[in-house]
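Trainee: Chains as they are written, first to last, in the UniProt record's numbering: chain A, 1 to 452; chain B, 1 to 452.
Honestly, the hints are just simulated from the structure, not real lab data. Values in this document were obtained by computation on a predicted structure and should not be read as measured data. Heads up, some of the hints might be wrong.
Because identical chains cannot be distinguished in the list, a pair is counted as satisfied if it fits within a single copy or across any two copies.
Stated by the list, open to error - Think about it this way: if two alpha-carbon atoms lie no more than 25 angstroms apart in a straight line, the pair counts; the simulated DSS-like pairs of lysine-lysine are:
#1 K286 x K6
#2 K253 x K186
#3 K186 x K225
#4 K408 x K186
#5 K6 x K176
#6 K193 x K253
#7 K6 x K253
#8 K42 x K6
#9 K193 x K6
#10 K176 x K286
#11 K225 x K408
#12 K176 x K193
#13 K253 x K286
Protein chains: 2
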Amino acid sequence: MERARKQLHLNLFLLSTGHHEASWRHPGSAPERAVDVHYYVKLARTAERGLFDSLFLSDAYGLPPTIKYKVLHGLEPFTLLSALAMATERIGLIGTASTTFNEPYHIARKFASLDLISGGRAGWNIVTSTGNTTALNFREEGLPEHSERYRRAEEFLQVATGLWDGWERDALVIDKDSGVYADPDKIRPILHKGAYYTVRGPLNLPPMPQRYPLLVQAGASETGKAFAALAAEAVFTAQHSLEAGKAFYADLKARLPRHGRAPEEVSILPGFCPIIGDTAAEARDKEQALHELTQTEYGLYRLSNLLGLDLSTYPLDGPLPYAELPETAQINSQKGRQQMFLDMARSEGLSIRQLMMRTASSRGHFSMAGTPGQIADAMAQWLEEGAADGFNLMPPYLPEGLDDFVDKVVPELQARGIYRTAYSGRTLREHYGRTAPPRIAAPAAAQAPLRA
Amino acid sequence: MERARKQLHLNLFLLSTGHHEASWRHPGSAPERAVDVHYYVKLARTAERGLFDSLFLSDAYGLPPTIKYKVLHGLEPFTLLSALAMATERIGLIGTASTTFNEPYHIARKFASLDLISGGRAGWNIVTSTGNTTALNFREEGLPEHSERYRRAEEFLQVATGLWDGWERDALVIDKDSGVYADPDKIRPILHKGAYYTVRGPLNLPPMPQRYPLLVQAGASETGKAFAALAAEAVFTAQHSLEAGKAFYADLKARLPRHGRAPEEVSILPGFCPIIGDTAAEARDKEQALHELTQTEYGLYRLSNLLGLDLSTYPLDGPLPYAELPETAQINSQKGRQQMFLDMARSEGLSIRQLMMRTASSRGHFSMAGTPGQIADAMAQWLEEGAADGFNLMPPYLPEGLDDFVDKVVPELQARGIYRTAYSGRTLREHYGRTAPPRIAAPAAAQAPLRA
Ligand SMILES: Cc1cc2nc3c(=O)[nH]c(=O)nc-3n(C[C@H](O)[C@H](O)[C@H](O)COP(=O)(O)O)c2cc1C
Ligand SMILES: Cc1cc2nc3c(=O)[nH]c(=O)nc-3n(C[C@H](O)[C@H](O)[C@H](O)COP(=O)(O)O)c2cc1C
Numbered sequence: 001m002e003r004a005r006k007q008l009h010l011n012l013f014l015l016s017t018g019h020h021e022a023s024w025r026h027p028g029s030a031p032e033r034a035v036d037v038h039y040y041v042k043l044a045r046t047a048e049r050g051l052f053d054s055l056f057l058s059d060a061y062g063l064p065p066t067i068k069y070k071v072l073h074g075l076e077p078f079t080l081l082s083a084l085a086m087a088t089e090r091i092g093l094i095g096t097a098s099t100t101f102n103e104p105y106h107i108a109r110k111f112a113s114l115d116l117i118s119g120g121r122a123g124w125n126i127v128t129s130t131g132n133t134t135a136l137n138f139r140e141e142g143l144p145e146h147s148e149r150y151r152r153a154e155e156f157l158q159v160a161t162g163l164w165d166g167w168e169r170d171a172l173v174i175d176k177d178s179g180v181y182a183d184p185d186k187i188r189p190i191l192h193k194g195a196y197y198t199v200r201g202p203l204n205l206p207p208m209p210q211r212y213p214l215l216v217q218a219g220a221s222e223t224g225k226a227f228a229a230l231a232a233e234a235v236f237t238a239q240h241s242l243e244a245g246k247a248f249y250a251d252l253k254a255r256l257p258r259h260g261r262a263p264e265e266v267s268i269l270p271g272f273c274p275i276i277g278d279t280a281a282e283a284r285d286k287e288q289a290l291h292e293l294t295q296t297e298y299g300l301y302r303l304s305n306l307l308g309l310d311l312s313t314y315p316l317d318g319p320l321p322y323a324e325l326p327e328t329a330q331i332n333s334q335k336g337r338q339q340m341f342l343d344m345a346r347s348e349g350l351s352i353r354q355l356m357m358r359t360a361s362s363r364g365h366f367s368m369a370g371t372p373g374q375i376a377d378a379m380a381q382w383l384e385e386g387a388a389d390g391f392n393l394m395p396p397y398l399p400e401g402l403d404d405f406v407d408k409v410v411p412e413l414q415a416r417g418i419y420r421t422a423y424s425g426r427t428l429r430e431h432y433g434r435t436a437p438p439r440i441a442a443p444a445a446a447q448a449p450l451r452a
Numbered sequence: 001m002e003r004a005r006k007q008l009h010l011n012l013f014l015l016s017t018g019h020h021e022a023s024w025r026h027p028g029s030a031p032e033r034a035v036d037v038h039y040y041v042k043l044a045r046t047a048e049r050g051l052f053d054s055l056f057l058s059d060a061y062g063l064p065p066t067i068k069y070k071v072l073h074g075l076e077p078f079t080l081l082s083a084l085a086m087a088t089e090r091i092g093l094i095g096t097a098s099t100t101f102n103e104p105y106h107i108a109r110k111f112a113s114l115d116l117i118s119g120g121r122a123g124w125n126i127v128t129s130t131g132n133t134t135a136l137n138f139r140e141e142g143l144p145e146h147s148e149r150y151r152r153a154e155e156f157l158q159v160a161t162g163l164w165d166g167w168e169r170d171a172l173v174i175d176k177d178s179g180v181y182a183d184p185d186k187i188r189p190i191l192h193k194g195a196y197y198t199v200r201g202p203l204n205l206p207p208m209p210q211r212y213p214l215l216v217q218a219g220a221s222e223t224g225k226a227f228a229a230l231a232a233e234a235v236f237t238a239q240h241s242l243e244a245g246k247a248f249y250a251d252l253k254a255r256l257p258r259h260g261r262a263p264e265e266v267s268i269l270p271g272f273c274p275i276i277g278d279t280a281a282e283a284r285d286k287e288q289a290l291h292e293l294t295q296t297e298y299g300l301y302r303l304s305n306l307l308g309l310d311l312s313t314y315p316l317d318g319p320l321p322y323a324e325l326p327e328t329a330q331i332n333s334q335k336g337r338q339q340m341f342l343d344m345a346r347s348e349g350l351s352i353r354q355l356m357m358r359t360a361s362s363r364g365h366f367s368m369a370g371t372p373g374q375i376a377d378a379m380a381q382w383l384e385e386g387a388a389d390g391f392n393l394m395p396p397y398l399p400e401g402l403d404d405f406v407d408k409v410v411p412e413l414q415a416r417g418i419y420r421t422a423y424s425g426r427t428l429r430e431h432y433g434r435t436a437p438p439r440i441a442a443p444a445a446a447q448a449p450l451r452a
């Protein structure tokens with residue numbers, strides 16, 4: 001009997017008109033539907049037809065100042081995912097929630113509710129937020145410092161998991177005759193009092209089907225990777241090349257044993273932006289057409305923001321002003337992304353304009369133009385050479401980029417024996433091949449049972 | 001031509017197994033489905049079949065210590081209402097959100113998202129929260145003081161409406177050819193800096209169909225009524241008798257001109273808990289059966305909590321210990337409700353046990369047992385004598401209490417010419433007969449247009 005090949009997992013990163021920054025100008029895109037729930041229903045159903053493990057909504061709590069040139073992000077994740085739960089059956093529903101600008105009780109409860117509504121399909125992309133566009137909607141001081149954000153994230157997660165663990169599975173008695181609805185000894189407050197949060201508990205919802213939502217993380221800095229190793233079950237990451245992907249993969253997997261976790265307990269999902277053509281030439285033409293729609297004003301803003309320096313006064317066709325750029329240590333927003341952009345520009349010798357174009361399709365994630373077969377081969381290579389356990393699919397434009405992937409690439413993956421031909425699990429965690437969430441050390445308290 | 005009779009509005013107060021505290025023990029109830037979305041879908045569709053203006057979810061952010069004797073409240077409102085939006089077409093969807101334990105940016109955005117998802121059917125029950133069961137999940141000090149909560153509510157509402165007003169209707173240009181997605185001069189930050197919140201804005205969602213969700217309020221204290229007069233378009237209220245209802249109605253309507261508002265700009269909806277029988281005797285039997293299922297432990301806890309004194313050491317069949325009870329001024333939780341309970345007990349000369357029973361069906365709201373015709377007559381009387389513009393229907397047990405109402409009482413209301421026979425509007429606000437939300441004074445700022 002042939003040895004079964006390693007199976008890949010697919011998450012759809014669902015973002016209004018797609019991941020190329022000019023996607024909204026693509027002839028087939030529908031930017032006027034960026035806040036239309038029925039538009040997302042259709043895309044979610046396509047992903048489900050493609051047997052994706054999950055779909056994912058990113059999030060930020062502010063309007064980017066680039067709205068003149070860039071389509072809206074979309075609807076709010078908890079409301080949209082709950083709506084999508086009703087319109088789909090099997091696909092996982094991963095929402096982003098920031099630990100910097102939320103209360104753990106609210107977030108724990110909303111994920112529990114979403115998991116109950118969806119029958120065990122909720123996932124949480126745990127982020128610490130990345131900019132003042134968000135921060136200034138909550139406080140005057142702007143974004144808290146990077147390491148403080150991660151300390152807060154750890155405490156936040158302790159509280160959330162403590163709340164989810166607070167109910168024993170058999171706490172609900174529901175005996176109409178005796179009049180006992182629940183056994184209060186099986187529902188414990190957490191009595192949490194930490195540096196950032198005071199939360200008594202217990203949660204006002206019973207255990208959700210998955211016990212915890214699938215825990216997802218996407219930090220790329222040292223602190224971010226340490227956090228992922230502690231808590232994440234799936235990791236989104238931006239890797240611009242196979243080599244970079246392998247290095248990240250090896251690095252993250254090596255961190256797991258320190259937390260008593262096996263390598264297969266975390267699925268690493270690099271972002272992947274495929275431009276699909278029936279021939280290689282057609283794919284290249286499609287890529288070129290997208291490039292011609294990109295706008296310098298937007299690209300410059302995006303790069304300047306990420307690299308921490310206003311680039312608009314430098315010659316577009318000259319090199320990056322390396323000497324003037326801040327060091328990674330000084331970057332407070334996305335340290336990991338800043339480093340990757342510098343690596344790309346240096347190793348490929350890119351001008352400012354070239355870096356802009358190179359990152360326009362998916363902000364630096366792995367991107368390629370090719371035929372369905374070439375794309376499936378590249379995915380298989382990342383899988384087999386230890387750069388990925390699957391992919392965070394970032395179609396350059398929607399709906400076509402997703403339709404093409406599902407209709408043309410998925411069969412190629414299946415033909416290679418590396419992708420499912422039917423769902424076998426029911427819950428999101430089962431799709432990723434696991435049965436239980438990670439063990440996250442409980443907060444101090446939790447002795448006193450609940451008493452009226 | 002006969003003069004058209006005043007039309008009544010109906011809101012379904014959707015609460016797990018129903019409003020009688022023993023409803024979960026009722027033979028026809030399904031307490032094991034209190035967190036099952038499909039259970040709520042079915043009820044929402046029944047209410048829609050009954051042409052209700054809206055359904056409403058109350059909320060608190062904590063588990064009551066009475067969980068031993070009392071069914072769970074249900075799912076989280078934003079997630080559940082978004083799910084229900086997908087399963088219904090016309091009925092309004094009102095969710096509760098507290099201004100004491102939330103950030104205005106998050107709440108403004110979630111309601112905008114819900115309104116977009118539901119096609120203009122969102123409503124916001126603005127509450128300030130009522131107890132430490134909630135408060136201790138956010139802070140050590142417990143519930144902030146009553147008047148501070150309302151000051152915070154006013155600022156919160158200023159911020160939220162400011163965010164909703166920040167986008168002009170035609171801000172989205174979406175011109176693929178020129179590459180202009182939006183006109184940044186038509187999207188303004190609010191630059192809010194107040195006593196409680198700092199919020200830059202703008203919102204990252206375009207105007208919702210209704211511009212604001214329908215604004216609903218339920219405070220009964222002086223401060224609460226002042227707030228309702230300023231901002232509410234619908235008011236939920238607990239009134240135990242026609243007389244009390246008339247007094248409240250007159251009081252609230254008289255406050256409106258001070259804010260430049262006409263009496264018809266606010267719909268007053270007293271809670272109403274009908275126990276429906278095909279004969280009066282059958283209705284009384286049903287009521288009696290429910291009474292027999294109530295539990296003293298729970299009822300005593302509930303009364304003690306509301307009145308601010310542990311009643312468990314007093315004889316159940318004796319009077320309330322009036323001399324020992326705290327004054328309304330000392331009550332920090334629900335001043336209005338405490339006063340109503342004392343009024344009821346005094347005016348009807350009730351013992352502790354009698355007050356418990358009298359308030360078991362709906363916590364003091366107007367309740368009656370009768371035939372469909374008697375119930376419709378009572379509703380018509382409240383409508384015509386100036387005690388109500390409609391009702392907040394609180395079925396004692398579900399699903400039967402709602403089925404009976406829709407199948408038997410609704411036709412009686414229609415036969416009396418006081419209730420619609422088909423939906424005419426599309427949005428929730430249209431159901432309540434209005435076209436625009438109230439004008440709420442804008443926060444200080446809002447000059448600088450958004451710039452990249
Ligand atoms: C695929 C992907 C998706 C992300 N989605 C979000 C998001 O929705 N919201 C957010 O605030 N940050 C998001 N991030 C950013 C990271 O979660 C992380 O907060 C950020 O990179 C800063 O952490 P770092 O300095 O450790 O990299 C995303 C990153 C990646 C790679
Ligand atoms: C029908 C009705 C529903 C209510 N729903 C809620 C609720 O869901 N959550 C909440 O915290 N308070 C709720 N309340 C309480 C009021 O909103 C208000 O906060 C409370 O009565 C305290 O204000 P007061 O002292 O002005 O009455 C409700 C009140 C009524 C009459």
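Trainee: Tell me the hint numbers this structure goes against, listed in increasing order.
Mentor: 1, 2, 3, 4, 5, 6, 8, 9, 11, 12, 13
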